[in-house]
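Chain by chain, the residues:
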Amino acid sequence: QKEVEQNSGPLSVPEGAIASLNCTYSDRGSQSFFWYRQYSGKSPELIMFIYSNGDKEDGRFTAQLNKASQYVSLLIRDSQPSDSATYLCAVIWYGNKLVFGAGTILRVKS
Amino acid sequence: GAVVSQHPSWVICKSGTSVKIECRSLDFQATTMFWYRQFPKQSLMLMATSNEGSKATYEQGVEKDKFLINHASLTLSTLTVTSAHPEDSSFYICSARSLGNTEAFFGQGTRLTVV
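In order, the protein sequences belong to chains A and U. Oh and the first sequence: position 91 is 91 in my numbering, straight run, nothing missing. Oh and the second sequence: position 9 is 9 in my numbering, straight run, nothing missing.
Chain A on its own, in the form it takes in the complex (with noise of 0.2 Å):
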């Protein structure tokens, strides 16, 4: 069973709308979550990590955690063509390890 998973798209929106990334994992202990943004031959760079149950607004971006159902989300407002990239969703594992899904493509078309 694969820790950390993720649709791997592609993802296509229309500028302006509202994108969709989901993620669930297998590890009922881990409690940070992350989501990171790649740019193609770039590292990845954060874009927000939530904690708790419920959501987290940050800008455009808005995580989602439901530790009961063991999955989090992340949504981007008003999408533009520049948010096109991979999104990688990320769990501390085992307390320590950071584990990354194998993230979703993500297009916005203009």
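Treat the hints with care, since some could be wrong.
[Stated by the list, open to error] Here are the simulated DSS-like cross-link-like pairs (lysine-lysine), alpha carbons at most 30 Å apart as the crow flies:
| id | chain 1 | residue 1 | chain 2 | residue 2 |
| --- | --- | --- | --- | --- |
| 1 | U | 20 | A | 97 |
| 2 | U | 20 | U | 55 |
| 3 | A | 42 | U | 64 |
| 4 | U | 41 | U | 64 |
| 5 | U | 20 | A | 42 |
| 6 | U | 66 | U | 20 |
| 7 | U | 14 | U | 41 |
| 8 | U | 55 | A | 42 |
| 9 | A | 67 | U | 66 |
| 10 | A | 109 | U | 64 |
| 11 | A | 97 | A | 56 |
| 12 | U | 66 | U | 41 |
| 13 | A | 42 | A | 56 |
| 14 | A | 42 | U | 14 |
| 15 | U | 66 | U | 14 |
| 16 | A | 42 | U | 66 |
| 17 | U | 66 | A | 97 |
| 18 | U | 64 | A | 97 |
| 19 | U | 64 | U | 14 |
| 20 | U | 55 | U | 14 |
| 21 | A | 109 | A | 56 |
| 22 | A | 42 | U | 41 |
| 23 | U | 64 | A | 67 |
| 24 | A | 97 | A | 67 |
Think of the hints as simulated: they come from the structure by calculation, not from any bench. Note that the coordinates shown come from a computational prediction; the quantities given were computed from them, not determined experimentally.
Based on these hints, arrange chain U on the given structure of chain A.
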């Protein structure tokens, strides 16, 4: 955010030689560093976790004698790919975290090509 500098950004080496990649935390003490490898169109695969002053913990399937990790100080960790082969060609990325923080910061990555 904190800055992690990784060097070199790219390297080409001959098969059988060794390559050292450096990862430095510039403005914080990196008590834990992670080393990842990423093949084209794939996600980051954790290779090993190192805590300052301790031996690295390698993930299953990663040869510790081939990928030597040193984390001798709170600001520097190195990954040495020994006896490199073409199949070791990949994008290697380090990540650093300070004590008490869960947020990890990434270096720019090193693209290794073994010919």
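Return the numbers of the hints above that this structure violates; sort them in rising order.
9, 10, 23
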